[in-house]
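Enquirer: Sequence:
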Amino acid sequence: MAKDKKKPAKAIERPRLKNKDYLEQLRKLHVELVKLQEWVIAKGVKVCIVFEGRDGAGKGGVIKAITERVSPRVFRVMALPAPTDREKSQMHVQRYLPHLPAGGEVVIFDRSWYNRAGVERVMGFCTEEQADKFLKSIPWVENAIVDSGVILLKYWLEVSPEEQTRRLEARINDGRKIWKLTPMDLKSYSRWYDYSRARDEMFRHTDTDWAPWRVADSNDKRRARLNIITDLLSRIPYEEVKRDKVELPKRQKPGKYKEPDYPYKRVAEKF
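Numbering that gives the first Met the number 0 numbers the first residue of the sequence shown as 0 and each following residue consecutively.
Hints are computed from structural coordinates only; laboratory data are not their basis. C-beta atoms are modelled at their ideal positions from N, C-alpha and C, and glycine is treated no differently. Mixed in with the good hints there might be a few duds.
As the list claims (entries may be wrong) - Restraint-style ranges between C-beta atoms, simulated for each label pair:
hint: 1; residue 1: Tyr192; residue 2: Arg26; range: 35 to 45 Å
hint: 2; residue 1: Thr83; residue 2: Arg165; range: 49 to 59 Å
hint: 3; residue 1: Lys186; residue 2: Lys42; range: 23 to 33 Å
hint: 4; residue 1: Asn142; residue 2: Glu200; range: 18 to 28 Å
hint: 5; residue 1: Glu161; residue 2: Arg203; range: 24 to 34 Å
hint: 6; residue 1: Thr181; residue 2: Arg213; range: 46 to 56 Å
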């Protein structure tokens with residue numbers, strides 16, 4: 000008599016992370032990101048972080064969580080617009096290369112050269128031949144980037160179809176978020192499995208030893224942000240840069256200065 004097959008264990012659903020707990024952990028990570036920033040400047044390190052994922056996966060929120068307490072002159076966010084006719088005639092990756100980090104910089108790509116493997120392929124903005132050539136060539140471009148001394152980190156944010164639906168519907172019904180919903184988002188939404196096939200093909204060709212993909216569950220935005228920041232900090236061998244203790248100097252005395260009786264046009268205090 001055949002033994003009963005065991006049913007696969009169901010995934011444990013964790014409760015949403017409370018905002019108080021999230022902010023407490025995020026504050027600690029922000030301190031570490033500042034330490035990373037000071038080390039990157041001091042050592043002339045070059046860091047490039049790529050974020051990819053479906054519409055509504057939470058890329059923007061992760062990037063905001065990373066950058067809100069560091070200098071925009073060190074942590075540069077690149078979200079390139081649609082290519083011009085001139086750029087369309089170039090090698091696909093060419094327009095991204097000038098934005099790679101110099102020494103003392105961290106560059107974050109909110110979508111990247113992988114547009115060709117995702118939206119361009121699925122929505123027909125490039126041919127299958129162009130997409131295939133890109134997937135075969137980009138690992139060697141990334142190998143050259145890494146060989147040049149750039150720390151290259153690639154993250155894919157994985158969101159469920161149900162959570163994506165909830166988030167896109169929230170954009171429709173929230174006046175603060177409606178600008179995030181584009182006609183392209185709506186077209187992309189209906190082609191879930193085309194994107195799944197494109198993602199699988201992208202991983203198969205570009206998940207390399209020198210530039211592997213890290214996949215983050217982004218169904219819980221708060222947990223995803225904390226997990227990704229923790230992961231990227233663990234993959235960059237930074238050290239705290241010692242700084243002299245900062246003390247405010249004495250403020251000068253007013254001398255003969257007097258506040259003028261000027262009719263300032265003041266902002267109305269309604270709150």
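Enquirer: Could you work out which of the previously given hints the structure breaks and list their numbers from low to high?
Expert: 2, 3, 6
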